[in-house]
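One line per chain: the protein sequences are A and B, in this order. Counting from 1, one number per residue, gives the positions in the first sequence under my numbering. Counting from 1, one number per residue, gives the positions in the second sequence under my numbering.
Please keep in mind that the hints were generated in silico from the structure rather than gathered at the bench. Note that the Cβ used here is the ideal one computed from N, Cα and C, for glycine as well. Hints should not be assumed to be uniformly reliable.
[Stated by the list, open to error] Here are the computed distance ranges between Cβ atoms for each label pair:
no.	chain 1	residue 1	chain 2	residue 2	range
1	A	Asp-79	B	Ala-210	16 to 22 Å
2	A	Pro-65	B	Ala-210	18 to 24 Å
3	B	Lys-144	A	Val-59	20 to 26 Å
4	B	Val-75	A	Glu-97	54 to 60 Å
5	A	Gly-81	B	Pro-13	38 to 44 Å
6	B	Pro-236	A	Pro-65	27 to 33 Å
[What the hints assert, rightly or not] Straight-line alpha carbon distances no greater than 20 Å define the calculated EDC-like cross-link-like pairs of lysine to aspartate or glutamate that follow:
no.	chain 1	residue 1	chain 2	residue 2
7	A	Lys-38	B	Asp-356
8	B	Lys-145	A	Glu-62
9	A	Lys-55	A	Asp-79
10	A	Lys-55	B	Asp-356
11	A	Lys-9	A	Glu-24
12	B	Lys-346	B	Asp-374
13	B	Lys-223	A	Glu-89
14	B	Lys-211	A	Glu-76
15	B	Lys-144	A	Asp-68
16	B	Lys-346	B	Asp-362
17	A	Lys-38	A	Glu-76
18	A	Lys-64	B	Asp-374
19	A	Lys-55	B	Asp-374
20	B	Lys-145	A	Asp-68
21	B	Lys-144	A	Glu-76
22	B	Lys-66	A	Asp-68
23	B	Lys-212	A	Glu-24
24	A	Lys-9	A	Asp-41
25	B	Lys-53	B	Glu-313
26	A	Lys-12	A	Glu-77
27	A	Lys-38	B	Asp-59
28	B	Lys-218	A	Asp-79
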Amino acid sequence: MLKIFKKNKIPKRAALLQSNINFEVLPRTTLLSSALSKGIDWPHRCKVGSCGTCKCRVVSGEVKPNIDFSYTLNQEEIDAGFVLACQSELLSDIEVEINIKNKEKK
Amino acid sequence: MKFFINARYLIVPISSLMTIFGIFIGSTYAWTGVILFGLYTIIDTLTKDIHLKAEIDDDGNSYGIKIFQYLVMYVMLPVFITIQIILAWRIYQYTSGVILQNLSLGSIEYQNGISGINLIGAVISSALWAGLGIIYGHELSHNKKEGFFVSRLIMALSGASHFTYAHVYNHHLDLGHEDDPATAPRGRNVYLHTWLSHAGQSKFSFDMEAKKLKNQGKSFINKDNRWLLGYFYSLPSIFLFIWSGGLVGLVALAAVWILSNFLLEALNFMGHYGLIRKDGAVEHRHSWDNDSVFTSWFFIEIGRQCDHHVRGETYFWELDDVGGPNYGIGYFSLFVLTLYPPLFRKFVHKHLDNWDKNFATDEERLIANKFNIDQLGKASLVS
């Protein structure tokens, strides 16, 4: 039981395949907010899961959705592994496909 | 400091409990909720010029205690249920013809039975505080599944469970645009807006659910239909009030729902009246701030609309003044003005002119001019 709690507190890492960017995602923090806090220019708009601007494709690893993605993403996108970064916490290290314009802040 | 900053958001929970207690004590105390509403309107008006920034410690962290604030928000669900139960009990007493007499429960004296006039007070008190409870339904609508579900239940107590979906997926996305039923265009009054916004949000939720179910190959009549489920969540309230007083109970519940939804839509009305967004992202300029001190504390910072709509994921106690459009007065004071539309339009005129001149983009200003000419009969002075 204690191990479970301990495990939940371990930060995970997200790797952006097309940008060669790798960053830490703290527990209870979304993929998008972690990326933005690192200065990554992740496309986003509403931050509440309604616009779909922050969507990305999870190639490997697992995320925990904070809301039901099916209102914003269609079934084909969900089946292909797309998630909403603003509403995703990480359950494991992940690899993600997304086009990032700018590089991470130094 | 930390204690005060967290405790100051307890005005509604404490007042809701006082309202419940007042209805329980009976006689003229049934009007407690109404009296509090009036008292707070006076306090809000007297303190309208006090505006505070969000406080942070030396490390830049907020003083808000997340677990405490969330506990309060979750506890408000049973509090609002209790308001309905205590009102239903009074309706039962009234329709059963219980004789008025003073009794005691332990050391607490209360009036058994209730007169018609005091029952009206109990209904209005309940409606006002059910309506104000919507601030918790709003805050939790921006949260994870469990918080979102509690939001749905809180809103269902006012027959408005569709709000939770419409607010997130419609209002936050389409704010300031004609596609957002919760944004009131210039010239509309709060009474018309209440019906149009309520129906528009429900229709949006209906359409969104129908589309989702169609994509999933499911029929509209389905246990996964959250638009339908939302209204099912309201059934216990309907059964409770029919059981308590038949037709009188139903009329009382209708009054509670109408008044509480009026307060909800009045908040939407005040938050975005007359503001215009052509395309692109929602910016600070697309909302009105009402962040005088009492409004901020009472409405758990919901008045910091400019920041909220740009940082929708942010906890209410972290929202701040971002220099957006600001009415300069609190929600209670402004609400009173909205009740008399000519007075509200007179008040808001100078603020809209300021918005047109100093906040709007060229495209937004063009649309504003059309509204000003078509609906207010005046051309904007903005070139």
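Hints, one by one, checked against the model:
Checking the proposed 16 to 22 Å range against Asp-79/A and Ala-210/B shows it holds: the Cβ atoms sit about 21 Å from each other. Separated by about 22 Å at the C-beta atoms, Pro-65/A and Ala-210/B satisfy the suggested range of 18 to 24 Å. Between Lys-144/B and Val-59/A the beta carbons are some 25 Å apart, a value that agrees with the proposed interval 20 to 26 Å. Under the hint 54 to 60 Å, the C-beta atoms of Val-75/B and Glu-97/A, about 43 Å apart, miss the expected range.
Checked against the hint of 38 to 44 Å, the C-beta distance between Gly-81/A and Pro-13/B comes to roughly 43 Å, which is consistent with it. Checking the proposed 27 to 33 Å range against Pro-236/B and Pro-65/A shows it holds: the Cβ atoms sit about 29 Å from each other. A threshold of 20 Å between alpha carbons decides the hint, and for Lys-38/A with Asp-356/B the separation of about 36 Å lies outside it, so the pair is violated. For the suggested pair Lys-145/B and Glu-62/A, the alpha carbons sit about 18 Å apart, so the restraint of at most 20 Å is met.
About 13 Å separates the Cα atoms of Lys-55/A and Asp-79/A, which keeps this hinted pair within 20 Å; it holds. Between the alpha carbons of Lys-55/A and Asp-356/B the distance comes to roughly 34 Å, so the proposed pair goes past 20 Å and is violated. Taken as a hint, the Lys-9/A and Glu-24/A pair is honoured in the structure, with Cα atoms around 13 Å apart against an allowance of 20 Å. Taking the CA atoms of Lys-346/B and Asp-374/B, the gap is about 17 Å. The hint holds against a cut of 20 Å.
Distance restraint check for Lys-223/B and Glu-89/A: the Cα-Cα separation of roughly 28 Å exceeds the 20 Å cut-off, and the hinted pair is therefore not satisfied. Proposed proximity of Lys-211/B and Glu-76/A is supported: the alpha carbons are some 14 Å apart, at most 20 Å. Of the pairs offered as hints, the one joining Lys-144/B and Asp-68/A holds, with about 10 Å between alpha carbons and a cut-off of 20 Å not exceeded. Note on Lys-346/B and Asp-362/B: the hinted pairing is violated, with a Cα-Cα distance of about 25 Å set against a maximum of 20 Å.
For the suggested pair Lys-38/A and Glu-76/A, the alpha carbons sit about 31 Å apart, so the restraint of at most 20 Å is broken. Of the supplied pair hints, the one linking Lys-64/A and Asp-374/B is violated, its CA atoms being roughly 49 Å apart against a limit of 20 Å. A threshold of 20 Å between alpha carbons decides the hint, and for Lys-55/A with Asp-374/B the separation of about 40 Å lies outside it, so the pair is violated. Of the pairs offered as hints, the one joining Lys-145/B and Asp-68/A holds, with about 8 Å between alpha carbons and a cut-off of 20 Å not exceeded.
With a CA separation close to 24 Å, the supplied pair Lys-144/B and Glu-76/A exceeds the 20 Å bound. Between Lys-66/B and Asp-68/A the CA atoms are separated by roughly 23 Å; this puts the pair beyond 20 Å, and the hint is violated. Annotation: proposed proximity of Lys-212/B to Glu-24/A is violated, straight-line Cα distance about 34 Å (limit 20 Å). A threshold of 20 Å between alpha carbons decides the hint, and for Lys-9/A with Asp-41/A the separation of about 26 Å lies outside it, so the pair is violated.
Restraint check for Lys-53/B and Glu-313/B: the C-alpha separation of about 19 Å stays at or below 20 Å, so the hint holds. This hinted pair does not check out: Lys-12/A and Glu-77/A have alpha carbons roughly 24 Å apart, beyond 20 Å. This hinted pair checks out: Lys-38/A and Asp-59/B have alpha carbons roughly 18 Å apart, not beyond 20 Å. Note on Lys-218/B and Asp-79/A: the hinted pairing holds, with a Cα-Cα distance of about 17 Å set against a maximum of 20 Å.
In the structure shown, a violation is registered for the earlier hints numbered 4, 7, 10, 13, 16, 17, 18, 19, 21, 22, 23, 24 and 26, in ascending order.
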